[in-house]
Amino acid sequence: MKNIMNNFEYFAPGSLEEALKLLSQYGEDECKIIAGGQSLIILLKQGLITPQYVIDIKGLSELDSISGNEKEGLKIGALTTHRAIEKSPLMQNAFCILAEMEQNVSSVETRNWGTIGGNIAHGDPSGDPAPVMLVLNAKYKLAGAKGERLVEAEDFTSGYFETDIGHDELLTEIQIPAPPPRTGAKFTKFSQLQGDYAIASAAVSMTLDADKKTCADIRIAMGSVAPAPMRAKKAEYLLRGKVITDDLLVEAGRMASEEASPTSDAEISEQYKRELVGTLVTRVGKEAFERAAMA
Amino acid sequence: MKEYSIIGKPTRNVDGVAKVTGEAVYAFDMTLPNMLYGKLLRSPHPHAKIISIDTSEAEKLSGVKAIITGKDTPGGKWGLWRRFPELCDQTALAMDKVRFIGEPVAAVAAVTEEIAHEALDLIAVEYEPLPAVFEPMEAIKDDAPLVHDDFENNINTTRHIEWGNVDEAFKNADYVREDRFSLSSQHHAPMEVHNALASYDKGSKRLTVWASTQSPYFLQLGLADALKMREGDIRVIKPHVGGGYGGKNSTMPDSVNAALLSMKTGRPVKIVFNREEEFTTTEHRTAMDIAIKIGLKKDGTLVAKEVKLITDGGAYTGLGATTLYLAGTFVTFPYKTPNYRYDGVRTYTNKMWSSSMRGFGSVPAVYAAEIQLDRAANDLGIDPLEIRRINAMTPGYSASGEYTVESCGILECIDKMGKRVKEKWNDLGEDEGIGFASFAYMSGGIFNWIDTPYAFSGAMVKVNIDGTVELFTQASDIGQGHNTVSVMICAEELGIGMEDIRLHPADTATTLADLGAWGSRETLMNGNAVRAAAAEIKKMLVAVARMKLGENIVYDLVAKNKRIYLELRPERGFSYYELVKDAIKQNDGEPLIGIGHYTPHNKGMISPAYGMGIQAVRAKVDRETGLIEMKDVLVVHDCGQPINPPAVRGQVEGSTQMGLGYGLCENMPTDNGLILNPSFVDYKLIRSRDMPTIELMEVPTYEPEGPFGAKEAAEATTSPGAPALANAVYHAVGAEFDSNVLKPEKVLNAIRAKEQKGKA
Ligand SMILES: Cc1cc2nc3c(=O)[nH]c(=O)nc-3n(C[C@H](O)[C@H](O)[C@H](O)COP(=O)(O)OP(=O)(O)OC[C@H]3O[C@@H](n4cnc5c(N)ncnc54)[C@H](O)[C@@H]3O)c2cc1C
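So the sequence lines, in the order shown, correspond to chains A and B.
Take 1 as the starting number for the first sequence in this note's numbering and just add one per residue.
Take 296 as the starting number for the second sequence in this note's numbering and just add one per residue.
Calculated directly from the structure, the hints in this document are not laboratory data.
Every value quoted in this text rests on a predicted model; they were computed, and no experiment measured them.
Quick reminder that beta carbons are idealized off the backbone N, C-alpha and C, glycines included.
Keep in mind that a hint or two might mislead.
[Stated by the list, open to error] Pair by pair, the computed Cβ-Cβ distance ranges are:
(1) A:9 / B:407: 17 to 27 Å
(2) A:4 / B:882: 51 to 61 Å
(3) A:58 / B:792: 50 to 60 Å
(4) B:319 / A:4: 18 to 28 Å
(5) B:716 / A:233: 46 to 56 Å
(6) A:233 / B:407: 36 to 46 Å
(7) B:304 / A:9: 40 to 50 Å
All chains should be modelled from the sequences, with the hints used to inform the complete structure.
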């Protein structure tokens, strides 16, 4: 590792418009956006990327905001820090899953700098926010010189650090719809030490029928067990329309673990991760169910 | 026990304010006018012949001031085992071949760090890769490639220890068991990376080096050997140090190459390792395989122990040879072992070398011994605390002359632990367990491998006319708080205040030699030297006071509260300040100077004294994921007389964190000699969020050999965390381990293996 950054030209646009203009000018070249820098600076120091231009968007204060409520849904600006989400009074009831997730993203220092937009745009398969966005049915707003577009969270990440952002686009906002009544959501990540990157993670959002026993709708997402955060659709299918029982949740976990496609690394086997994520889905499914019944 | 004025009282660190406000200067912070930045070009191969090195392109780069390769160095070899010249195997830069990934082959000095870096990319090295060997058991095979040509079977050094009649004792034992363990490496991960600033004066031909070191004296010797200079022409100054933990005893390529580049350019040169270099090219804890056999009587009495052990030495010796010795000693502690045999082998392999780390030798050895003891207790139906109690050493215990343990509070520690556990942990839940492990460690080593002709520690006290004191010692405060301890000892002996004393620490030119901060030697060894120096001054002042009082010679005088007075009639005495003035005037204006030394005598070859105790860990295991939750830790500790209790507590907490890290998550996986996790994201240290609470209980004893009864404190506590944790998991879910680093997958597999065994 070099631990020394190459030189680059640095821009600090004061508005979104200015930023997009710079992007359309340099985006095709060796150009990188920097937000909180928590992921980017490591890559720069390791010499894994050597951009000629770096555009610092930290000054775009219009992208640093959280608004909305449980009836209308949430809008979170891309520059909102992890810490701001964790501490936001808007993260109540159905949205408390966001604050819970954030509490365990790395350390306070990283959360003070790192932004939700940077995290999602980074496309790290072991990132924590993405699986939560998947089960909350979030959409990502992308802005470019040609205008804006909305992308489903589910379609956004296509592989290891690969996303749907064009080289002249910025992620500007995350939109989370209002949850249907009787919905409960829960996320957990598994790591040996708190705040570490996930060995595996799971998120479940469950909506119950009026009987508060039958699963009307469900979304299950898994992180760190595939090149991109993924839904466990077979497990969802198994649960949808059924009266939820512990056995059924165990079966759903087993199915989810079959759907996952983790890979072994230097220290952890594929088999362990696969089994683990099933356990997590079962556990989180149970908590989501209990939350939905209380909602 | 005697009532002290300062010793044993919670005392603020003398350098605490400077450290907290950021004013304390570390070598890392230092620059000098005209300073150049040095960088090292490192080998990408674990084992390769160097065919050629072409530096011509790099030399053309503007801003590059000097480039050196092996042939430009004086070729001096060095090491810490100076009594055995063949073990002095380090060189500044690889001469003919490289022996591990990261071994330096060239050094550059340039006007900026960036230019030095760029220059490295322009140096062309042609290598001829050689077959490499990475595992100790492979290394000793006859057909293994040789790391050093003159070391057959890659055997770096061996150690045999034996007493009693082991074979006979095993024959007569009621119960014998043998276990094998494989213990991994661990990195010191100090906050301050290795770095050194060297300044050579071409006129006087003298060198000054400021470095992040645990032992200015060792560095002075290492530099002298490496540069083929006289020790006295080298001055080493140790500023504040941001942690050593055993990783900064050896002279490393940072200081030697900074010196060589400074000699070549006539300008100061600084070399700072980056974090990846710190992880991959500085020393780490010695990994080892241990076969351990014990024989017991039915009632749990230990009658025999046999240990065979092979360590993964890496490419050079460092303090790894000492590790081999200490493992063979501390694997017996703190238990009476009537018959014992040990054979240890240290191998060379093509990896960065292993060396000393907090509790060195003891940490892996104690892991094996303490886990095995629990298994034996389980088989014999004896309570884990009881088996430790039955075998505990008692004061004055001597292991066949190998070592003698004077002060020894282990029994009281075990009893106190038993009481506290019953009281505090009577609510054990499902899948929760309690694990115990005893621990003990030395108060400095005796076997003089460094081959110093000096006393092991020295101190000098100079008293000014106004009574203020200048205390000169070479002892190293590397964060453990020894600066404070030495000032406390000096103040107590003279009966004055800490504010009366200015400390001048760790400068080889102005202080008397001290071997440095390793093996918990400073409190006892340097403490004795400081106390002796202060006692000389006290003697002079007492003589003056006695004369002024004109009292009977048998009446005792004491120095306390800035006065010297008759012990039985405290009102009869004089102010310390007044006596200092009188003493200087009476002595024709000669200043008061006291000199003290300490070298252990008649204490065997291991250590003059041993600290010890017992630790308990309470943990809960998730049977489905294998995750261990560490809930609470209890430590009962005998460190003799604690000098500064908050410092002891701080060290206990830090070493417990390190010990639990060794047990739970810290490791250094390699692939063909390449360390795979050289960053703080991938190297897993336990952070505060994951630390269990620690309750510390002291069992004070009085160590006759130590200053004011003090001895080793809280290095031994690095050892029990890992085995106590493993024992807790064993008692919680029955899972057994033959290695440390209990990552969830390993734990889950062990739980499954146990369940299978249960079914079969
Ligand atoms: C020690 C450490 C531990 C960590 N642990 C975790 C963890 O446990 N869980 C977890 O989820 N994350 C973790 N992270 C990662 C971190 O949370 C995020 O990746 C980080 O917050 C990214 O945000 P940033 O603002 O710092 O992005 P940057 O580092 O500035 O940028 C990251 C990437 O996104 C691009 N980018 C940034 N903003 C935008 C935008 N608005 N539009 C388009 N592209 C953009 C950049 O060009 C870059 O490629 C950890 C990071 C560190 C350093």
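Exercise. Could you tell me which of the numbered hints above are not met by this structure, giving the numbers in increasing order?
Key: 6, 7
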